[in-house]
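Make the full structure from the sequences, and use the hints.
Converting from the sequence shown to the numbering used here requires adding 57 to each position, the first position being numbered 1.
Hints may be right or wrong, so weigh each one.
Claimed, not checked - Distance condition first, Cα-Cα at most 35 angstroms in a straight line; then the derived DSBU-like pairs of lysine-lysine:
| # | residue 1 | residue 2 |
| --- | --- | --- |
| 1 | Lys202 | Lys123 |
| 2 | Lys93 | Lys123 |
| 3 | Lys219 | Lys123 |
| 4 | Lys201 | Lys171 |
| 5 | Lys202 | Lys93 |
| 6 | Lys219 | Lys102 |
| 7 | Lys171 | Lys202 |
| 8 | Lys171 | Lys93 |
| 9 | Lys171 | Lys219 |
| 10 | Lys201 | Lys219 |
| 11 | Lys201 | Lys102 |
| 12 | Lys93 | Lys219 |
| 13 | Lys219 | Lys202 |
To be verified - The following label-pair restraints were derived from C-beta to C-beta distances:
| # | residue 1 | residue 2 | range |
| --- | --- | --- | --- |
| 14 | Ile104 | Lys201 | 32 to 42 angstroms |
| 15 | Val85 | Asp178 | 17 to 27 angstroms |
| 16 | Arg218 | Asp181 | 12 to 22 angstroms |
Worth flagging that the hints you see were computed from the coordinates, not collected in a lab. Even glycine gets a Cβ: it sits at the ideal position worked out from N, Cα and C.
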Amino acid sequence: MSRSLAASLAMAAALGCAGLRPSPYAEVTIPGLRGKAVAQALREKMIARGYEVTRSSGTRELAFAKAADTFGASAMLGAGKVPPRQTRVRYRLQELEQGVRVGALVEVVSNPGKAFQYAADDSDGPEAADVRAILAGLLNAARKKVSVPDPAAPPPRAAPRKEEPRPPRPEPDAAPRPSLEAPPPPRRSEDSGTLDEMERRALGVTPR
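Below you can see the structure in the form of C-alpha cells.
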C-alpha cells in the first residue's frame with residue numbers, strides 16, 4: 058500500500074470519527090419567543106453574573122467571558138505557578154417555527170490573549186451548571202407564558218365527574234287490600250224474614 062493511499066484512508070477515518078462526535082453545545086428550544094427577546098434575556102443574566110460581552114452578532118451568536126477562579130489550583134500548586142484562566146461562554150441562537158433553539162458552550166481558556174493560549178471544555182464545571190440553570194429558567198418562564206406542557210411531567214388527572222341526583226321513581230298505585238272484616242249480616246224485615254224471602258213472597262213464589 059502506498060503512503061498516499063494510507064494517508065487518505067487515515068484522513069477518511071479521522072473525518073468519520075469526527076462526524077460521530079457529539080456536539081459540545083447544550084441545546085434547548087424555548088417556545089413562543091423570538092431571537093431578539095432571548096438574546097436580550099441572556100445578556101442581562103450573564104452580565105448580572107459578572108460576565109462581559111465579547112461578541113454579539115445580532116440574534117445568532119453571543120459570547121461572554123470573565124476571569125476564572127484559580128484559588129484552588131493556586132493553593133495546590135503554589136502562587137505564581139497557575140497561569141491566568143478565563144471562563145468563556147458562547148451561545149448560538151436559531152429561530153424556528155416553534156420558538157428559538159439555544160445552544161451553549163462553556164470553555165476554560167488558559168493564558169487568554171497570548172500566543173500560546175489553549176481552551177478546554179468545561180461542560181462539567183460549576184459555570185456550565187449555572188449556564189444550564191439559566192436556560193432552564195428561560196424555558197420554564199416561556200412555558201408558563203404560552204402554556205406549553207412539560208413533556209417530562211405526568212399528564213394532569215381528570216377531575217372526578219359529579220353525578221347529578223336522580224329524581225325519585227314514582228311509586229306504583231297500591232292495589233286495594235282485601236278487607237278482613239266479615240260482611241254484615243243480611244237485614245231482616247219486621248216479619249223476621251230475610252230480604253230474599255220477602256222478594257219471593259212479593260212475587261208469589263213458594264219456597265220448596
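Hinted pair, alpha-carbon criterion (35 angstroms max): Lys171, Lys93. Please report holds or violated.
Holds. Lys171 to Lys93 sits at ~33 angstroms (cutoff 35 angstroms).
Taken at face value, is the distance from the CA of Lys202 to the CA of Lys219 at most 35 angstroms?
31 angstroms, holds
Lys171 paired with Lys219 [C-alpha distance capped at 35 angstroms]:
73 angstroms, violated
Are the Cα positions of Lys171 and Lys202 separated by 35 angstroms at most?
This hinted pair is violated, its Cα atoms lying about 45 angstroms apart.
Take the C-alpha atoms of Lys201 and Lys219, compute the straight-line distance between them, and say whether it is at most 35 angstroms.
Distance of about 30 angstroms is within 35 angstroms: holds.
Hinted pair Lys202 and Lys123, Cα distance within 35 angstroms
32 angstroms, holds
Assessment of proposed distance window 32 to 42 angstroms (beta carbons of Ile104, Lys201)
24 angstroms, violated
Outcome of range test on Cβ distance (Val85, Asp178; 17 to 27 angstroms):
18 angstroms, holds
Quickly compare the C-alpha distance for Lys201 and Lys102 to 35 angstroms and report which way the hint goes.
Holds, at roughly 19 angstroms.
Does Lys171 lie within 35 angstroms of Lys201 when you go C-alpha to C-alpha?
Violated, at about 45 angstroms.
Given the range 12 to 22 angstroms, decide if the beta-carbon distance of Arg218 to Asp181 lies inside it.
50 angstroms, violated
Hey, Lys219 versus Lys123, does the alpha-carbon distance stay inside 35 angstroms?
60 angstroms, violated
Violation of the numbered hints given earlier is confined to hints 3, 4, 6, 7, 9, 12, 14, 16; the remaining hints are satisfied by the structure.
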